[in-house]
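2 protein chains.
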Amino acid sequence: MSDAQGRVTAGLVVIGNEILSGRTQDANTAYLARFLNDAGVRLMEVRVVPDVEADIVEAVNQLRRRHAYLFTTGGIGPTHDDITSAAVAKALGRPLTRHPEAERRLFAYYPEERRTPARMKMADTPEGADLVDNPISTAPGFRVENVFVLAGVPKIMQAMLDGVRPLLKGGRPVSSRTLKVEAGEGDVAATLSEVQARHGAVDIGSYPFFQQGLFGTSVVVRSDDGTRLDEAFLDLERALAEQGVATAEEGG
Amino acid sequence: MSDAQGRVTAGLVVIGNEILSGRTQDANTAYLARFLNDAGVRLMEVRVVPDVEADIVEAVNQLRRRHAYLFTTGGIGPTHDDITSAAVAKALGRPLTRHPEAERRLFAYYPEERRTPARMKMADTPEGADLVDNPISTAPGFRVENVFVLAGVPKIMQAMLDGVRPLLKGGRPVSSRTLKVEAGEGDVAATLSEVQARHGAVDIGSYPFFQQGLFGTSVVVRSDDGTRLDEAFLDLERALAEQGVATAEEGG
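Here the protein sequences line up with chains A and B, keeping their order. Number 2 in our numbering belongs to position 2 of the first sequence; there are no gaps in the numbering. Number 1124 in our numbering belongs to position 124 of the second sequence; there are no gaps in the numbering.
Isolated chain A (complex conformation) (with noise of 0.2 Å):
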């Protein structure tokens, strides 16, 4: 499944009430964002809902439907606050069950006395899901059709992405390169228009800085085709040298 543009896209959902009450800063976004880049899958868009089983469904199902792959971050764990998979469940219309070998797993990691009901419901999923491995605290996400069920707790979620990147089919990753401007937005924002309409295949993006007393700019070129990539980028440096203003490539 790809998009009218042939790129391949994803959605996630952030599941969480620690985020929206601003307890805790949501880190997995960025990092899913680069990973999904890197093997050619576009994240077009993100939603943040509570630990509130009607609102995680109505987020699954519209992502799911939208976007070639749809993530979900959080809400896996044992406690009664975690309903993802049960609510991952209503939304495929696809029974709760216990996974066996997710079971099988968790009774040899937990030892008899740690082997709470509430860490064995760690081991139900959708009916029909294949397990992601979490090699650092045993209890899997899981992927079923277009759904990958994730950790919340970045480095757990970080580690699942091992097993997840050979089940994706991307498309070509995208490449930047980032220009460093020694002007404000508003005296290249006419410059960067004009560049921008002559180069269809790129995206152009600008985002002002504040360093050592000086406004300037960092405009960054993105393309899945490195080409176009080159060939726009050679565009905005001439059309600024032109207009008169420093520029320098970032970390070129």
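Rather than coming from a laboratory, the hints here were simulated on the basis of the structure. Among the clues, some could well be false.
[Said to hold, decoys possible] Selected chain B positions facing chain A (Cβ under 8 Å, derived; list incomplete):
#1 1019
#2 1043
#3 1046
#4 1077
#5 1078
#6 1080
#7 1083
#8 1116
#9 1186
#10 1187
#11 1220
Backbone N, C-alpha and C define an ideal beta-carbon position, used for all residues, glycine too.
Given chain A's structure and the hints, the job is docking chain B onto it.
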């Protein structure tokens, strides 16, 4: 406008390709969440969308109808990828017009050679908008109906919120108390579940942590009713002590 539980709620639309590409880590969600909490408003959902008009319009229209307030961050600068004001105007069915007071401020702030058409475009708002002051770099945010349109640069967004605060009619602010528990989530899950069941007026969230070689659990109790919060917290401490688990209140 408040929800079925009498809470005043809000949504947030974060606009920007740079968040979805992983180039930039969003910091506005956590800040806005805490700001709203102090104002007695609950942030209930967040959507991150790209710099695409149709996506912004859809997110704005869905969220502004569900919540007392909707906030947007990002996309109000001078460049071609700054399309938030136009998209919000479209979502609300209002023309985008030059705001005279915004124009006056930009005119006063920028010397003539920097008064580019791109910069003056930052004075365009949906018709009928009230300005939100920007004490840092002048170009204002705005409020129209229940939608607050703010800058994406965190320092500017935060400064704009000072002007937003008096315009919000919140409910009771939510307070929280946190108990650090020397046991894994799975060891205390049943107890937390029982305490939650006895105290419907509070939200009990649990978050694993790893510190000095030990797994522990932070249990956060939240409520807009201070008395019930304290009752639930005491019950939680008692129930965990009865289970033989060591606890200490964070900051307590």
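*Against the earlier hints, flag every one the structure doesn't satisfy and list their numbers going up.*
Hint 7 alone not satisfied by this model.
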